[in-house]
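When you get a sec, could you build the whole thing from the sequences and use the hints?
There are 6 protein chains.
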Amino acid sequence: MKFVKEFNEGEHIEGQFLVSNISRGVNSLGAGYLNVELRDCTASISCKKWEVGPDDEKIFAVGNVINATLDIIKYRDSLQGKIVNAVLVDQEYIDVARFVAAPPIKKEILIENFNKFYLSVKDKDCKTLLDYFINKYKDKLFVYPAASSIHHEYSSGLLMHITSMCKMGEFIAENYPNINRDLLITGIILHDIGKLKELEGPVVFHYSLEGKLLGHISIMASEIKEASNSLGLTGETPLLLEHMILSHHGQLEYGSPVLPLTSEAFALHLIDNVDSRLTILNKALDDTTVGEFTNKIYPLDGRQFYKHK
Amino acid sequence: MKFVKEFNEGEHIEGQFLVSNISRGVNSLGAGYLNVELRDCTASISCKKWEVGPDDEKIFAVGNVINATLDIIKYRDSLQGKIVNAVLVDQEYIDVARFVAAPPIKKEILIENFNKFYLSVKDKDCKTLLDYFINKYKDKLFVYPAASSIHHEYSSGLLMHITSMCKMGEFIAENYPNINRDLLITGIILHDIGKLKELEGPVVFHYSLEGKLLGHISIMASEIKEASNSLGLTGETPLLLEHMILSHHGQLEYGSPVLPLTSEAFALHLIDNVDSRLTILNKALDDTTVGEFTNKIYPLDGRQFYKHK
Amino acid sequence: MKFVKEFNEGEHIEGQFLVSNISRGVNSLGAGYLNVELRDCTASISCKKWEVGPDDEKIFAVGNVINATLDIIKYRDSLQGKIVNAVLVDQEYIDVARFVAAPPIKKEILIENFNKFYLSVKDKDCKTLLDYFINKYKDKLFVYPAASSIHHEYSSGLLMHITSMCKMGEFIAENYPNINRDLLITGIILHDIGKLKELEGPVVFHYSLEGKLLGHISIMASEIKEASNSLGLTGETPLLLEHMILSHHGQLEYGSPVLPLTSEAFALHLIDNVDSRLTILNKALDDTTVGEFTNKIYPLDGRQFYKHK
Amino acid sequence: MKFVKEFNEGEHIEGQFLVSNISRGVNSLGAGYLNVELRDCTASISCKKWEVGPDDEKIFAVGNVINATLDIIKYRDSLQGKIVNAVLVDQEYIDVARFVAAPPIKKEILIENFNKFYLSVKDKDCKTLLDYFINKYKDKLFVYPAASSIHHEYSSGLLMHITSMCKMGEFIAENYPNINRDLLITGIILHDIGKLKELEGPVVFHYSLEGKLLGHISIMASEIKEASNSLGLTGETPLLLEHMILSHHGQLEYGSPVLPLTSEAFALHLIDNVDSRLTILNKALDDTTVGEFTNKIYPLDGRQFYKHK
Amino acid sequence: MKFVKEFNEGEHIEGQFLVSNISRGVNSLGAGYLNVELRDCTASISCKKWEVGPDDEKIFAVGNVINATLDIIKYRDSLQGKIVNAVLVDQEYIDVARFVAAPPIKKEILIENFNKFYLSVKDKDCKTLLDYFINKYKDKLFVYPAASSIHHEYSSGLLMHITSMCKMGEFIAENYPNINRDLLITGIILHDIGKLKELEGPVVFHYSLEGKLLGHISIMASEIKEASNSLGLTGETPLLLEHMILSHHGQLEYGSPVLPLTSEAFALHLIDNVDSRLTILNKALDDTTVGEFTNKIYPLDGRQFYKHK
Amino acid sequence: MKFVKEFNEGEHIEGQFLVSNISRGVNSLGAGYLNVELRDCTASISCKKWEVGPDDEKIFAVGNVINATLDIIKYRDSLQGKIVNAVLVDQEYIDVARFVAAPPIKKEILIENFNKFYLSVKDKDCKTLLDYFINKYKDKLFVYPAASSIHHEYSSGLLMHITSMCKMGEFIAENYPNINRDLLITGIILHDIGKLKELEGPVVFHYSLEGKLLGHISIMASEIKEASNSLGLTGETPLLLEHMILSHHGQLEYGSPVLPLTSEAFALHLIDNVDSRLTILNKALDDTTVGEFTNKIYPLDGRQFYKHK
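Quick note, the sequences are listed as chains A, B, C, D, E and F, same order. This note's numbering applies: residue 967 is where the first sequence begins, and numbers increase by one. This note's numbering applies: residue 967 is where the second sequence begins, and numbers increase by one. This note's numbering applies: residue 967 is where the third sequence begins, and numbers increase by one. This note's numbering applies: residue 967 is where the fourth sequence begins, and numbers increase by one. This note's numbering applies: residue 967 is where the fifth sequence begins, and numbers increase by one. This note's numbering applies: residue 967 is where the sixth sequence begins, and numbers increase by one.
If you are wondering where the hints come from, they were derived from the structure by calculation, not from laboratory data. Some hints here could point you the wrong way.
Which copy is meant is left open, because identical chains are indistinguishable; a pair holds if it fits in one copy or across any two.
[Unchecked claim] Result set (DSSO-like, lysine-lysine): computed pairs, CA atoms no more than 27 Å apart in a straight line:
1. Lys1093 to Lys1275
2. Lys1133 to Lys1082
3. Lys1249 to Lys1262
4. Lys1093 to Lys1273
5. Lys1090 to Lys1273
6. Lys1262 to Lys1104
7. Lys1102 to Lys1073
8. Lys1040 to Lys1106
9. Lys1163 to Lys1275
10. Lys1133 to Lys1273
11. Lys1275 to Lys1024
12. Lys968 to Lys1090
13. Lys1273 to Lys1106
14. Lys1093 to Lys1178
15. Lys1024 to Lys1273
16. Lys1088 to Lys1275
17. Lys1040 to Lys1072
18. Lys1090 to Lys1106
19. Lys1082 to Lys1104
20. Lys1106 to Lys1178
21. Lys1178 to Lys1273
Keep in mind the model is a prediction, meaning the values are calculated, not measured.
Structure representation (structure tokens):
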């Protein structure tokens, strides 16, 4: 099935769409109709549902995924869809690939890279915790984007962020002394797993109640504490990992309740910062012509970067 | 036994002291001696240990509590102690009352007031958590000061801070709608219990490793999470309490990873702020003559307040 | 007479309205007409004045209160008013209750509560100044809202803010030492009276020239100085009250030229802060369903609060 | 009589000194003595008072001006004074010229320049207020320094600051439109007069209680209000002047409760800023060798300026 | 030829316009047309180009200057232009006076004043550099506005800013010691010349690539360095001027990489600040009725100033 | 010859020392002597010069390197040096290795690593500029520390900082797209070369006049501009490099007049940040025992880091 940005005038389309906006209108004869915005991961299209039935309020709610049949027409120079019919799609039948962009690297390769780093950790306590959390969150971990709206915003984005950070973590641990490689790799793998509880998906991501009231940092720190106790871990490792999670935003005003106070916590923060910033910048440069400036990049202070020749 | 600020020239004193400073000297004949500063909760006194024995390094370490015999002399207009002999005191025999000031209200009355608020909480989940934590931390909770160095800095200071806040919590819950009284009182009682793990005592308070790497806010939030799980609590109450703990400093830059987002969390923060500030101010005004300004009060922006007529 | 939010299609309405917006239109025949937005304290309605007469420019000016007759019709799913005729209402005949929401507590009870606190002040200098200012500003004091647009924004809102603060002032003076109760109550009653000169009303509040160039804080401080001189008051009380007024915003960047430097000035600032914040929050929670978040509350940093179950 | 920095070993001196520091000592025989620091506007000298009499505590209090007889000796490479005898000097007999540096321009010339600007103001309301305040504060106005410790810190410093600002005010009013010359000159003359009540002197300046609790800005704004009322001034001039006083620090965080909102208020702030900064800088450069950097200039952000060739 | 704000219904106009906005429309018959906004320095007018030809995309691009023939009609109470025909205007034939407002003082007088200051500089090194730069940039220097969008925003605005600052520089150098007059005047003349490379014109000013990546401050500092080397200047003067350019924004956060550290650099910053702020304010007051407040003045913190009676 | 921290009581030492402090004393017989602090890169020692000769003022000036003969004695438990004789050492004979610590990696290996990166740059314009600057600054570049007092503070510290950054630059360029490897490596090599003119040495580093008035960032940007012009380089490369130098501090308030706006400028800033911070941290951890916290690390916000087990 075609994606929205591939639609042409005169086509008759059937497939899954996300309802992204809705408003009511009244035509010149006084009859009500619905303005419905439908979208997938490529674009959105304005549609009309002319005869409003009793179930339509439930079907056309923002955030729903529906299976719709559309006639594509042209109106004032733009394409518009006439909704012939539409039904709700059950969560389990949603075709996620239609709604979240594919990662630039194939998911299988990302998982392979991820596993290489995961299995390379030999420290016993680190390995115990990694086994526990990867087993617990594997499904979401391999699918979720890295953030609700900023960087690595495609499916498996978190996985890509983690493997990219692991690579840099390996580099840092090899080139700077006083850094425990296994602890750093473990912290990198675990640092954003709290987001899997903070965000709810799988298609339109929004913050869960727990996410809003606690934040992913505190959620994950508590999980490490609880898991360590139940797994019978003693020694400093659980405390050091909990500290790494709590401090990885690097500043109190960015939501870390403590500042990094170990070399691995400091390295984790620096690596997270470099990887997320360069990823955001690269995405913007990819969308820009050589010799031009990017649009304003809001997570980088709204700056416009120059793509040189 | 007399307190340090009651010593007079010529007296012969025997009792417990905290070693608060230490340096080595050499007399005119080339013999070494020790300059030892000893203190209790009233004042400190400079002392000399003239003949240095092999165990003296262990005995006269900063932070130790020792049992010493002193001759009090006058030197350059100040009192000075000559240490006749000294032995280490075991933790269990330390007479805490000599080192931490007594609270302005008798401890028994504080406990009675505290219990009144504690027992008034009827909400089932709140009560379950209160029972659990008060039982777990009762010993320290009734003895610890409210902070390592700022407000309510006498023994049972935390208890006094909690009961004073409970009183204001009761007032607020009665006078402003949309506030659940039991939830607010429970949050007030639990909000600083993390400090009992953050600080280690009992005489010279310093931050524990866990306190430095996690902070009392995260320590207590994790404890509530774990306790709720193990006590089988479901529903919103544990989440709401965890949120109250995490947000009670009111600002990210003061170490709260999330801002208050419920009425009880907001009230807890406001009450904590008012009680601690007025307590600090009152203590400074108590030490000031009418018609004069206080010394600089550092936790209140270094301001000097005027004690009017 | 009905309020705007109670209007129905087909009704014929006559009553007072505030002109809140105005623009000119031209119909398909080239004839001019007026788009007029009319409102009361419940809602606004778009209206058309089809035949524009020579006086209409004066009548339909933003901020005017008019007496209008309307036919209520439905246009594109919304109600619209056709203005049959309209005349200006003299200031003295304005029915204020139509334009400013009623307070949640009856005005008579608010005045009774206020008088109880006012009459309880026994300190002679405090009482002299209270008598002077309450006599001078009684009319406005009992009617004005607490602020032009933020908290306690209904009629008698300032009165409600004052009595609510007095209650907390009483609590604070009873529970914390070094606070002179009469001085604190007097400061609470007087602290915002400068706003009665800063804002001009009575229906649409806007800042007076004096309000913009001096601010309510300096206006009131000067008034206390002048009144004390003319009433022959000596001693510290006038100075202490002037200081309380000047410092009650608590920070230089919030417009206080000096910081609170007495216990009563500090308490006044803290009480003002707690009462106004909890009032803003409660209003937002009242408009929110249980289990949902409020809209962004701009005076509380734009936060959205959760109304728990 | 010589100034302190002119003293030589072996001299016998008699004259007025300010007691600027005091501490007690005990000699090798156990007898007490006093270490007294005495100063005038050129330097300070350490002195000993060997035999301490019963009145000495009252005579040698910090801030006192005494008439003392000294023997000047040399001790460890420095000059030291032996106090032969000393008596307190009554306020009225203090020789101010010994304690505050003379201005770089003769006082008579400063007054002449000042009067030229004062008398040039023709606007009736401005003139009425100038007459009132210059008459009221003439004595102090012609003598006080411009600040307790920063710029124009010699006698008549405020007068010099005012005349220098008037000159620039004249320049600004001539070269930029929309500025009322008489209003600006009046604002310049009055802007710091509140300091004459904020500071108490005449030798060691300290903040008065009124100065600390209200600040010179609010003190002067109230005075203008009161004076205008009692002088029967109506119209905008008193309000505009009050606004100029209140806003002349230019920023809320520098203690102005309102920002400049008229051209004259804005000009006053800019002129005050330029004159005080250039004066501070010039003083520092005067004390510096060509080709060197000044000491840190704290009121100019601690910067060190280069005195070029 | 008339300016846009002088157009009347029914007129037939021919002349140069700047294309300031463009969008496509489709009429009721499905034919495309262009919505074109045209402007000069007085106002803008909405126009329609009904029949879109093959070259129209190139002609009607935002930023182009075109020679157009318009019929002026009235549509919905506003004037509208019907574009009869249009051709591009070559850069060299653009009539700049139509697009940039004339300065309040005649250009010839500005140049005369400028030359008076320029020729008054006698210091040999200063004169050498002035000769070099004025010769190099004369054309643009006498024409450019002072900034892309803020102060002195008419043609020759930079020239007016420079001469106005020179006048104040003369005043400052005469009235404050330790300031080298020739160095200050030279710094004033050169301080913003970097803008002539930072901005590209001549009609719609936008930042050049060099301007965006280096900024006018660094551009000019490098030019002084290079010119001094090639002109064989030794001694401190080039360094002092380079420092004045680099530091004239006065604060790191305003883009100066170093703070002013000489008296002339400090004076340059203060004079630039006063002249640009008073100029902005005066322009806003000129557009305001007596007794009213100006619109928000964004470069002055968004304040609204009062134009008093 | 021994280093200062290896001295023992009774030894007779001869060698080079840096005069790091000086003060005059008078002995009990009234004769003057000098207190001289001498140091090398390991420690400092207090010395006395008892008989002060006419040349001693010139010899014992702070910052001088002298050749001195000392007798080492013990005084009050500390070692002290008696200066038997001393002469000034000419700049060219200074044994730098005594005063600046050796780098942790041998200088030869650092140079080898550096050359590997230098020679790997193939881009023609980059290579031309690298050849020019490395040739011009080779001597100092291979010897200077990385900063006057913070990170990489041993000899060849700048070289070590550059090679360490090059390594990370290589990693970044390989792992993130849109980054020109040669441009990044060139920017890394050149970014701090301005410090070689900003700091003057070779033993006690202090800021040159040019360094203070311009800063190393502007110095180097101008040099690139001038060199590019004289080398006849056109195209974007010189502009991009100049931009990288100007922006590499990453924030206006850290002295960069523009923010990074190209991918290489952004990467340079991030790499500089990571390398300098991890180097500072590692140095502090090297000086700390396992299980303890470091001293306050001022360039890392004064934090104390934990060296875990």
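Going through the hints against the structure:
no. : hint               : result
1   : Lys1093 to Lys1275 : between (47 Å within a copy, 18 Å between copies)
2   : Lys1133 to Lys1082 : both (11 Å within a copy, 23 Å between copies)
3   : Lys1249 to Lys1262 : within (12 Å within a copy, 31 Å between copies)
4   : Lys1093 to Lys1273 : between (43 Å within a copy, 21 Å between copies)
5   : Lys1090 to Lys1273 : between (46 Å within a copy, 20 Å between copies)
6   : Lys1262 to Lys1104 : neither (35 Å within a copy, 35 Å between copies)
7   : Lys1102 to Lys1073 : within (19 Å within a copy, 48 Å between copies)
8   : Lys1040 to Lys1106 : neither (40 Å within a copy, 50 Å between copies)
9   : Lys1163 to Lys1275 : between (43 Å within a copy, 21 Å between copies)
10  : Lys1133 to Lys1273 : both (26 Å within a copy, 24 Å between copies)
11  : Lys1275 to Lys1024 : between (52 Å within a copy, 25 Å between copies)
12  : Lys968 to Lys1090  : neither (49 Å within a copy, 47 Å between copies)
13  : Lys1273 to Lys1106 : neither (35 Å within a copy, 29 Å between copies)
14  : Lys1093 to Lys1178 : between (30 Å within a copy, 25 Å between copies)
15  : Lys1024 to Lys1273 : between (46 Å within a copy, 25 Å between copies)
16  : Lys1088 to Lys1275 : between (46 Å within a copy, 17 Å between copies)
17  : Lys1040 to Lys1072 : neither (36 Å within a copy, 56 Å between copies)
18  : Lys1090 to Lys1106 : within (25 Å within a copy, 35 Å between copies)
19  : Lys1082 to Lys1104 : within (15 Å within a copy, 43 Å between copies)
20  : Lys1106 to Lys1178 : within (19 Å within a copy, 33 Å between copies)
21  : Lys1178 to Lys1273 : between (37 Å within a copy, 13 Å between copies)
Figure legend: structure checked against the earlier numbered hints; hints not met, in rising order: 6, 8, 12, 13 and 17.
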